[in-house]
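Residue numbers (this note's numbering), protein chains in the order written: chain G, 1 to 287; chain B, 1 to 278.
I should point out that these hints are in silico values taken from the structure, not numbers from a laboratory.
Heads up, a few of these hints could be off.
As the list claims (entries may be wrong) - Covered stretches of chain G (in silico footprint by chain B; criterion: 3 or more residues with CB under 8 Å from a CB of chain B, positions within the stretch not fixed):
no., stretch
1, 40 to 51
2, 122 to 131
3, 144 to 157
4, 207 to 219
5, 234 to 245
Bear in mind the structure is a predicted one, so any value in this text is a computation, not a measurement.
Heads up, the beta-carbon is just placed ideally off N, CA and C, and yes, glycines get one too.
Listed below are the residues making up each chain.
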Amino acid sequence: MSVKIENLFHIYNPGSPFETKALDDINLEIKAGEFVGLIGHTGSGKSTLTQHLNGLLKPSKGKIYINGEDITSKDIKLRDIRKKVGLVFQYPEHQLFEETVYKDIAFGPINLGLSEDEIAARIREAMDLVKLPFEELKDRSPFELSGGQKRRVAIAGVLAMKPEVLILDEPTAGLDPRGRDEILEQIKSLHQKVQNTVILVSHSMEDIARLVDRIIVMHKGKIALTGTSREVFKEVETLESIGLGIPQITYLMKMLKENNIQLREDILTIEEAKEEIMKWLRGRKNA
Amino acid sequence: MDKMIQVENVTFEYTNNEKQVIALNKISFEVKKGEFVAIIGHNGSGKSTMAKHLNALLLPSEGDVRVQGMNTKEEEYLWDIRQVAGMVFQNPDNQIVATIVEEDVAFGPENLGVKPSEIIERVNNSLSQVDMEEYRHKAPHLLSGGQKQRIAIAGVIAMKPHCIILDEPTAMLDPSGRREVMKTIKKLNEEEGITIINITHFMEEAVEADRVIVMEEGNIVLEGTPREVFSQVEKLKELGLDVPQVTELTHQLKSAGIDLPDDILTVDEMVMNICRLK
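Isolated chain B, as found in the complex (with noise of 0.2 Å):
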C-alpha cells in the first residue's frame, strides 16, 4: 500500500466561551508513502488541528483519519500511530525532557520497551542523521535553537517512524537554525524515505516540498505542486499569505506587460529567465 495517510470528510468541533467552532470542516486528503507535503495557511486556519490529527493526539469529530491504513478511532492502534507518525512541534524548549543530548533521544525508544542495545544503536543513528554526535554528552539547555530542534527530531527518528509532521518547526529560530532544520528534513526525506509533512509560515521553505496544501478557515482552499499554488499571487495574498519575493516579482513585471513565465520560485530560475530577455 503506498498511502501514508489518508483522511477522509474530516470535520473537528470544539465549543469555546460556549460558542460552537469548526475547526475542520469536512476535510479530505491523501499523502503518499515517501511524499513531502507542506501546510500552509494563516494562525487560526485549522494547521494545527490538522497536524494533531495525523497522530492521533486529537481524534475527529466526524470522519475518519488512517495512518497506513490504521484508523486513529481505533484505540488498539494508539501505540502503533504514534511510533509511525512522530510529531515535532514549535518550541524545543517544551519537547526536551532529559539533561542530556543522547538521554532525551532515548526516552521514545525506552517508552516501546526496545532493548538497551538497540537503544544504543538507534540513539547513535538518530544523532547522525540530525549531525549533532559531537553533542551527545551534552545538556541540552546550553545548545542554540536549531541544535534544540534537530535533538527533537533525533528524538522523534529513534523510534524509527515513516512519517514525520513538523508544525512550525523553525518558528523560533534564526536564519542559519532554520536553514539546518530545512537541511535535515529534506535529508530524511529524500535519503531515509522518510514521509514529511511540514506547517509552516515561511513560504520559502514550503517551495522546498513536493506538494503545497493552503488551509483556510478549516478548509483546504489551494492544493498542488508549489509552482501551482504559489504562481496564484492574487489569491495567496487574498488569503493573507506571503510569497517568495522573486514570485511576486515576477507577477508584477508581467503585468506590466514583461513575458516571464508565471510559476519562478528561485532566484536561479528568475535569473535565468532575466537573462534570456537580454
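For reference, chain G alone in the conformation it holds in the complex (with noise of 0.2 Å):
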C-alpha cells in the first residue's frame, strides 16, 4: 500500500501566538511494500507527521493519498484509514488498559465489526508475530509483564488490525538491547513475510542502518534529506548540523579515508567494515 504526501502543511494554534509550523510543505511518496526510517531530531515534526498518516491529525494544508485513496476528504470514514494505516506510539504500553492480554490486543479487531472466530484467530497470530506464547499469557493481566512484554502487547494490538501500513514511532526506546533486537527482529521477518509498508521512526541510527531501505530525514517540519542509508549516512555535516549523527561505524571508515586509508565510505555495518578493511589489508600484502 503506497503512501503519498502533497504540499502538506501543519500549523498548530494558528492566529495565536503560539502558533508553530510543525510541517512546512512536505512532499513525500512511498512505496507499496517499502520500508523506511524516519529520523530528525525532537520537534522536528516527525510525530506531527507520522499522526497525519492514520487520520490523528488533519493538514491546515495538503493532500495524503494512501494507496490513491485522499484520506484528507471529509467524506473518509475515520475507521477505514486506521485499518489500513496503523500506527504504534512512544511507549505504547501506556496505553494498555484491559484486564487481559486477550482483550487487550482484541480491542482493536473488535471496533473492526470481525467475527468472535476471526478475532481470535488475529489474536493468536499477533502474539505469534511478536513471540509472545499464547497460552501462556492471554489470561494474563498485561501491567503483570515486563517492561518488554508489554511492549510487545501493545504492538501485537496494533498487527491484529493487519495494517497494510505500519507506522511503529521509537518502538524501541527504554528497551535493553536484547529486547530491542527482538523487536526489531520481528518487525523484520514480519515485513518479509506480508511485504507490508513500514515507517520506523528512529534515534538510533544504527538500528536504522540496520533495517530501512530508505531514510527520511526531518528538519524543522521540512524534509532535510531523502535516499538510501549509504547515501544520507555519507552527509555526515549535514546530519550533524540538525543534531543527528551517523553509526559510529561509518564514522570510523570516513576517518580512516581522512587518514589516507583508502576505503569504502558508505559502510553501514560491522560485517561490511570487517570485510572492507580485510581486503585493504591483503591488497596491501600483495602489493
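Please dock the two separately framed chains into a single complex, following the hints provided.
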C-alpha cells in the first residue's frame, strides 16, 4: 500500500502567539512494500507527520493519499483509514488498559466489527508474530508483564488490525539491547513475510542503518534529506548540523579515509567494515 | 573517609503473584568519593532496584547500604541521605513539579528549609551548572527532553548532593539531548567532584565512566574499567548486552587473525591502530 503526501502543512495554534509551523510543505512518496526510516531530532515534525497518516491529525493544507485514496477528504471514514494504517505510538505500553492480554489485543479487531472466530485467530497470530506465548499469557493481566512484554502486547494490538501500512514511533525506546534486537527482528521478519509498508521512526542510527531501504530526514518541519541509508549517512556534516549523527562504524570508515586509507566510506554494518578492512589489508600485502 | 557508598551483602526480596523474587542476591560493592561508575545490565537484572537502595528509597531485606557512612536502615539518617545522594529518573516529565523552571529547581532546597536568599543563590548556581540559565522563567513543558532532564539534574544539584544517581537518564532522549545530558554529568563529576552513578543501556555512555559494573539476575557478574569490561565481547553478548561498534569490529578482526589490541573503545583509538597496520 503506497503513501503519497502532497504539499502538506500543519500549523499548531494558528492565529495565536503560539503559532508553530510543525509541517512545512512536505512532499513525499512511499511505495507499497517499502521499509523507510524517519529520523530527525525532537520537535522536527516526525510525530506530527506520522499522526497525519492515520487521520489523528488533519492537515492545515495539503493532501495525503493512501493507495490513491485521499484520506484528507471530508467523506472518508476514520475507521477505514485505521484499518489500513496502523500506528504504534512511543511507549505504547502506557496505553494498555484491559484486564487480560487477550482482551487488550482484541480491542482493535472488535472495533473493526470482525467475527469472534476471526478475532480469536488474529490475536493468536499477532501474539505469534511478536513471540508472546498465547496459552501462557492470554489470560494474564498485561500490567504484570515485564516492560519488553508489555511493549509487545501493545504492538500485537496494532498488528491484529492487519494494517498494510505499519508506522512505529520509536518502538525500542527504553528497552535493553536484547529487547530491542528482538522487536526489530520481529518487525523485519513480518515485513519480509507479508511485504507491508513500514515506516520506522528512530533515534538510533545503528538500527536505521541495519533495517531500512530508505531514510527520510526531517528538520524544522521540512524534509532535509532523503535517499538510501548509504547516501544519507554520507552527509555527516548536514546530519550533525541538525543534531543527528551517523552510526559509529560509518564514522570510523570516514575517519580512516581521512587518514589516507583507501576504503569505501558508505559502510553501514560491522560485517561490511570487517570485509572492507580485510580487503584493504590483503591488497597491501600483495602490493 | 573516601568512601561515598558501601553496599555489603545486600539481598532484596519481594513477592509477586505469591512468588518470592530475589531482585538482589548478596551484592557487595563500594563507590569512592568523586568516582564515576556506570551500571549496565538488561531489564530485570536488578540495576534499578540497586539504585533505589542507594538513597533509601528501598531498604535491603538483608545486608547494609551506607551512604557516607550512614546506614540507610537508620531512620534518623533518612533526610541526610537523600540530601547527600540525589536521584534522577528516566522520564523527565515525572520529576518536574513546578510550572516555572526556577521554581522547580527551588523545590528541593525549600523543603530542606534553606533560607530564601540562599535558595536564590543555589538556583542560580544550579541552573548555570547545567547551562540552562536563560530558561529560568520558562514553563518546563515547553522544553525539549534533554533540557527537561537538565532541569531535573539542576533540581538535584540545588540540594548540594555529594553523589548523584541517574537511572537511565537518557533513555527517552534524542541523540542531541543525550549528548547534552552526558556532557552535564561529566562536567559535574570532573569540575565539582560529585560522585556519579549512571545506570544506562547505552554502551557509549558506559565507556565514559571510570568503572563499569555489570549486573545479571541480581548479581554482579563483571566489574572493572571500561577497557577491562568491554574487551569481554563474548561474555557481554551472552548477557544480551551491546559493546561499542568499534570494539565489536576489533573483536571480529582479531578472530580473523589481525593483530590489534583487544581493548579498543573509541573511533580515534581504532583509527590509530589501523593506521599502524599500514
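Checking against the hints above, which ones are violated?
-> Numbers 2 and 4 - these are the hints that the structure violates, sorted from lowest upward.
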